[in-house]
Structures are given as C-alpha cells and as structure tokens.
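Engineer: Respectively, the protein sequence lines represent chains A and B.
Using the working numbering, the first residue of the first sequence is number 1, and each one after it goes up by one.
Using the working numbering, the first residue of the second sequence is number 1, and each one after it goes up by one.
Be careful, since some hints might not be right.
[Claimed, not checked] Below, a list of computed lysine-lysine pairs in the DSSO-like style, where the Cα atoms sit at most 27 Å apart:
# : chain 1 : residue 1 : chain 2 : residue 2
1 : B       : K87       : A       : K95
2 : A       : K80       : B       : K87
3 : B       : K147      : A       : K402
I should point out that these hints are in silico values taken from the structure, not numbers from a laboratory.
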Amino acid sequence: MGGMTETEYLVEMRGITKRFPNVVANKNASFTLRKGEVHALLGENGAGKSTLMNVLYGIYRPDAGEIRVYGKRVEIRGPKDALKLGIGMVHQQFKLIPVHTVAENVILGLKEMGFVLDGRKINQRLGEVISRYGWKISPDARVWQLSAGEKQQVELLKALFRNVKILILDEPTSVLTPQETVVLFQTLRTMASQGIGIVLITHKLEEVFSVSDRVTVMRGGETVATKHVRDTNIEELVELMIGRPLLKIAPARQLSREKAVLRVSDLVVLNDKGLEAVRNVSFQLFGGEILGIAGVSGNGQQELLEAIAGLRKPVSGKIFLDGVDITDKHPWEIISAGVSYIPAEALRYSAAEMTVAENLVLKAYRNPEFSKKILINWKNVAKKSMDLVQSFRIVTPSINNKVGNLSGGNVQRLVLARELGTYPKLRVVLAAYPTRGLDIASTEAIHQEFIKKSEQGVSILLVSEELEELVALCDRIMVMHRGEVVGVLERGMYDIEEIGLMMTGVKKMEAKA
Amino acid sequence: MIGIGFVESVLAGAVAAGTVFLLASLGETYAERAGVLNLGMEGMMIMGAAVSYIFTNALGHGAALLTVLLVGLLMGLLHAFFTVSLKLNQVVVGLAITILGLGLSGLMASSEIRGRIILALNPEATRAVLASQEAPKLPLIPIAGLKDIPVIGPMFFNHNFLVYLSLLLSFVMWFLLFRTRFGLNLRSCGENPSMADTLGVNVYLMRYVSMAVCGMLGCLAGAYLFIGYQPFWVEGMTQGRGFISLALVILATWNPLRAVLGAYLFGGVEALQFRLQVLGIAAQLPYFLLMLPYAVTIVTLTMLSLESVRKRVGVPAALGVPYSRE
C-alpha cells in the first residue's frame, strides 16, 4: 500500500466483515475508490459485491472493519448518512415513485428548491442537465411512463442534483437494451470526467473492459485482487473470479440412435393469442442425446416445450414417450413418466411465498421417499433439500427461507435443482434458456450437469439463444423459425454463421448454396 | 311545483349539506395521501358535534369551535400514536376510535353529564339552556351584492362562515399538496415512505401532521353538522356521514378540488331526497337517491381496481401500511 497518500482516495474500506445468519457475506474485504474513476466490482452471484457496497451505502452495518471517506474515518448508520457524505446508490430495483413526475422524484427532499415549488424554474434546471447528458426524458413525464433505461436516468439525475461524489451502480445493465447500455456508459464516462468516483457492480466481463479504469474481483466474500484494466485480460479475471481456469467441454461421443425416447410428429400448437406458434413440427430425441433448438426467442420454442410438458394442448399431431402416446395427458402423468421442464421464467414456475425446501419437492412430494399416504416426511425433505442446495450452489440462509427472498440467479438454480435432482426416473429434460442470467461458474456447472445426465442416458431438449452454448453441448442442433423447423445439423457440421442465417428463416439448402 | 325556487333551494341545500362531507374528506385526503387510512372519521365527527353542542350552550360559538379543534387535534394524535408510533393495524385503530367517539359523545351529551359540564364552565347557565336539545345556529353571513345573483347567489353566497372557510381550505390545501415542498414530502410518505426517509423526509412527523389536520377537520365537520346545519342533538346524529366522507375521498381520487364537486354531489342527493320526502313525491325515490353516492363509489372502486387507472389517478401506494425504519 506504500506510496499512496490517504487523501488520494474518495473511499477506503479495509477489513470489512459482514455476517448474516448462516452466511458470511464479506470476509476481511477491502476496496478503494479514486476521484474520477470508474471502478468495476466484479464477481459471481453471491460473491459479496452488493453486500460490500450496501455496507458503504449504510444499508448494512459491518461487523468489523473501517470505512474512510475523503480520508476521514466515518460511521454510516443508514442511507441518509451516506447521502450526506455524498454517496449515492442506484439499485437494481429503482427507488422511484411511479405516479410522480420525473421532476418530483428528483427534487424530493431538496430544501434549496424553496417552499413553493416553481415548476418552470425546476424544469429548466432539470432540462439543462438532461440535455447536457444527451438524454430524452421530459421533467413532466410520469415515471411509470418511462422505459427501464429512462428510469435509470432519473436515478442518475437524483444523484447529480444531490451533488453525489461517490456513485454506486448495482448491475445497472441488467435491465437495459444494448443501445441503452451504450448511452449509460457514455454517461458514466462523462460523470467520471467531472470528478465523480463510480463503482460499477457487475458480473459481466465485457463491462470491465468497455468502461472501467480499475477492477476489484470478489470471490466467496473476499476481495481477491484489484487491477488496472489495461494490465489484465479476460483469462486472468475469469480465473480470479472462479478460482480456477474454465473447464473445456469436449464430449465428442458416439450415440446409438436405435430407439427414440421422445417422438414428436406433425405437432401444431397455438400461442396465447390463438395464432399458430408451432407448425407441423416433427423430430425424434434419442436416449442420452442433447438436442439443441436454436432460434430467435418467440419463434415457437416455448410453445413446443409447453405442449410436450402437457401445459398447452396441441391442435393436432402426436407426442410419444418411449412409444407411449402422451399427447393430451395430464401434466402430472407426464411428470410421473419422467419428463422434467425447466421454464424460461423460473420465478413464475415456483411458489414465491413457500420455502426453499417446499419448492424443491414441488414435483416429487408424492414419491414414497417424501410422503406416506397423506403425511409428508419432512425429515427426508430437509435432507434432500440440503443436498440439492449444496450441489446446485443455491445461496440461501436456510432451506426454510422463502423463495421470493432469493436473488434471481438463485431461483434459477433452485428450479434447475428441482428439475434435474428430484425425479426418481428422469427420462427427458425440456430446458428453456437454463443459463440465462447466470454467472460463468453456474453456467459451467449446469453444462456439466447436463453432460453428466446425458451420459446416464437422460435425453435433453435444450432451447437457447447462445449459439456457443448449443455448439459446445449438443449432439444435433435443430433451427426453428416462425414455428417451423428450418433444418437439423449434426455435430461436426456446425457453422455458426450458417445457423445464424437459418435462424432468420433461410432454409438449410439455400444457406449451403 | 318544481320551479326556479325549488332548484335554488336544492342547490343551496346541496352546499349546506355537502360542507359536512367537504370538511371531513379534506382531512381524510391529507391522512391518506400521507399513507394513513383514518377509519375513525365517524367517531371524530360525532365528537365534534357533541362538543359543539355542549360548549356552544355553555360559552358560545367561538369557544366551542376552539374546543372542537383541540379535541380533533387530540383524536388525530391519538390515532397517529397508535398507527404511526406503535405501528398497529390502521383499520382496527380507526374502528376503535369510531366506537370510542360514538360512545363518548353519547355519554357527554346525556342530560346528567351535559348539565354538569355546562355548569362547570358557566355557573350562570339557565335551566332552559341546561335542558335544551338544541343550540344557537351559526349566523348566516350573506355576501352583499353576490347573494342576489339567481341560482349562484343562494347556492354559494348566503351561508355561515364555515362554508366559506371550507371552500377556501379546498384551494389552499390543494395548493399545499401539489405545489409546495411540504405537499411533495407528504405525498411521498404515502407512496414510498422508506425512500422519502432516505431522502431526508421525516415520515413519522409528516404522518403525525397529516393526522392532526385530519382530526381537526373531522371534528370541525361534526361541529358544522351541529351548529351550522341541523342544531338539534340526537345520539349518533352523524348517521354514517364519516364513512360517506371516506367514500368521497376515493371518488375525488385524493384531490382536494375534486372533493368539492363530490361533496356537493353527495350533499345535493341529501338535500333533494329530503325535499322530495316533504313534497311526498314517489315514496321510494328518496331511498334510491340515498343509494346513489354508494353506487357511484362502487363504480369508482371498480375502476380503481384496474392497474392502468390506478397509475393515472395515483392511489397512494403505501396507504394503510405502517412504516418502520429497518
């Protein structure tokens, strides 16, 4: 640490430890922020990034450690204290009043605006800042009318009007479109050039390289390294984040394609609007095979999986599982036959008000292992849940915590644990975007799990938009466009450009020619 | 039979009867905008009526109105103490205050207790005053020149000062609520108290202030009902007007200016059914008319259940939720 004078930093956090019941979220963590820099705080889900910054913002009180702001030791008892020190934070869930106007949200609590609020003067002051940053929001607009990106701009306006010198953004790009992200990064650079120190909490590596000056990597609640972005690279950061190099997936393997486990023929399914979402789709899925479905989302993938899972009645066509017709069977019969379904919206398919343990056995509680006649054997449920929480790395204070209180990534892992870990005889896994929103290590773990399952003879139907994921995992890739199968490619003949073309509806033959 | 005279009389009656609703719903609007649901309005109103009855007979109008405001302040603060400081369920506390008010007012105004209170305040009170079920009404203050305009004159410019005050308050309270920092702070407490707290708004204080205002205006509404509208004491004489005022707040979508229209609409219904009964027209019609405010409120509530409507009119998002700082 020698050489640095203390006043050079806006923020110095040293030896921060924060314990929650059953979890140590921060262990002896350190962090510094300089004037005018964008400092990425990088780490996997649950690495303790948000906790560390919530300590700085006063939401949590640390159990140990010291915080210095502008070189002076401070105690921050709540967000109010933080704001007084010039520390602002933009949360993932915006702290805005939707029915109030942009102006009202920005000036709330600002005494210098006078007792009687002069709308014209306030709008003018807001307008100046808005146009300086090249934004397009109107001070008179109601916040509920705004897009996510615009709401974020209102949060930034709030910070600017409070003369915030230290600004924390918690995963700010997770709600943004790519275009909005570009605008946000420009804004952050402008703010930094005016001397504001910015902390960017993220798990996306590209954000480190596109906007940040320095990066601090967190793992398991500890800060493992702080580096200048120009002195590091992706491989090094990945290794720091997950503590080891990434495994390479290389399942070049031979499958016997004798008997189809799942056979779909001439399936037609309607979407919620009553339009044909799946048109005459036929395919076979063999034992132990991973069959990928590529396509821009909304081209019938979801409806296809729902029809197979029995959640949506097909208009015509047949679905066979191990030669038995399961078309129009009740979802429970299909579950019993060993078909699991990983939906795209994990939280919608879990019971938010119920506990982790209850959610984990939602599909399995009828098994003799968990219930006898009418009574549930909670001891076995707890044991199983404990196993699953550990093996799927679900971060939760206990198995009796409500699922609604878990973070998005953890709900996703919980649903994966339920679908992959609780079926007594799993035959087919229907997976829709199973790794969407997950960090690198979790994605890798899910991929390993899929491969393990397929080696045990389980067949997997994998819907994804990530072509790299499909190419790495799948034995075959089927491309869908507007509800139709455009073509099927065999492993070894994958060409990402060709698949991309097919996803726009160009038939395989034409694409070849 | 139904000429200009009848119309004038109904409209003047609408304002006279509607002022009870207006004063009460102005108070309730502030409470709910700050996030506190005050179901004690009926109890506050009846206490206002009883106190104005007793104190007018003992000391006259001025002292009576001051006492009413003081009682209202105390009742509002009592509600706030339970719901804001102790964070108890607002529905339960509100109903308890209504029951308390109904009981206490009946006790205070019973001939024995009433007599003692009047004698203690004014030892020279005559036997006639002690026995009276009535009290002197507030004097009318006709506005010279304006009161002779047809229809408008009798409707707005020939009333006692509380009617004028209530109209003035509607404008002032609207301005405070939507055009000042105080109002923005107050509304934010009803929308997102934890955020308001973070940005330096004292949520507890704002909710106490709004309940104090609500209590005073609730009791003033009761006082107006007695000494300004029908100065004849009957136990439970508010007859659900406090609850109608709650409905009116919803109908007016928590806006003091719209509350004026709603109050006179509800008042007009009351005035009209009263006069129709006197005329003996269509025996069932008065009941139909009395139902109308509730029917309109149900329609309003149904519309408010639509998310898109809620967003536009701004039902206070934190209404009824006690705030505790984590």
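Engineer: Now, for every hint given, state plainly whether the structure supports it.
Structural biologist: Hints and how they fare:
1. Restraint check: the Cα-Cα separation between B/K87 and A/K95 comes to about 23 Å, which is no more than 27 Å; the hinted pair holds.
2. For the given pair, A/K80 sits about 22 Å from B/K87 by alpha-carbon distance, which is consistent with the 27 Å threshold.
3. Of the supplied pair hints, the one linking B/K147 and A/K402 is violated, its CA atoms being roughly 66 Å apart against a limit of 27 Å.
This entry does not satisfy hint 3, going by the numbered hints stated previously; all others are met.
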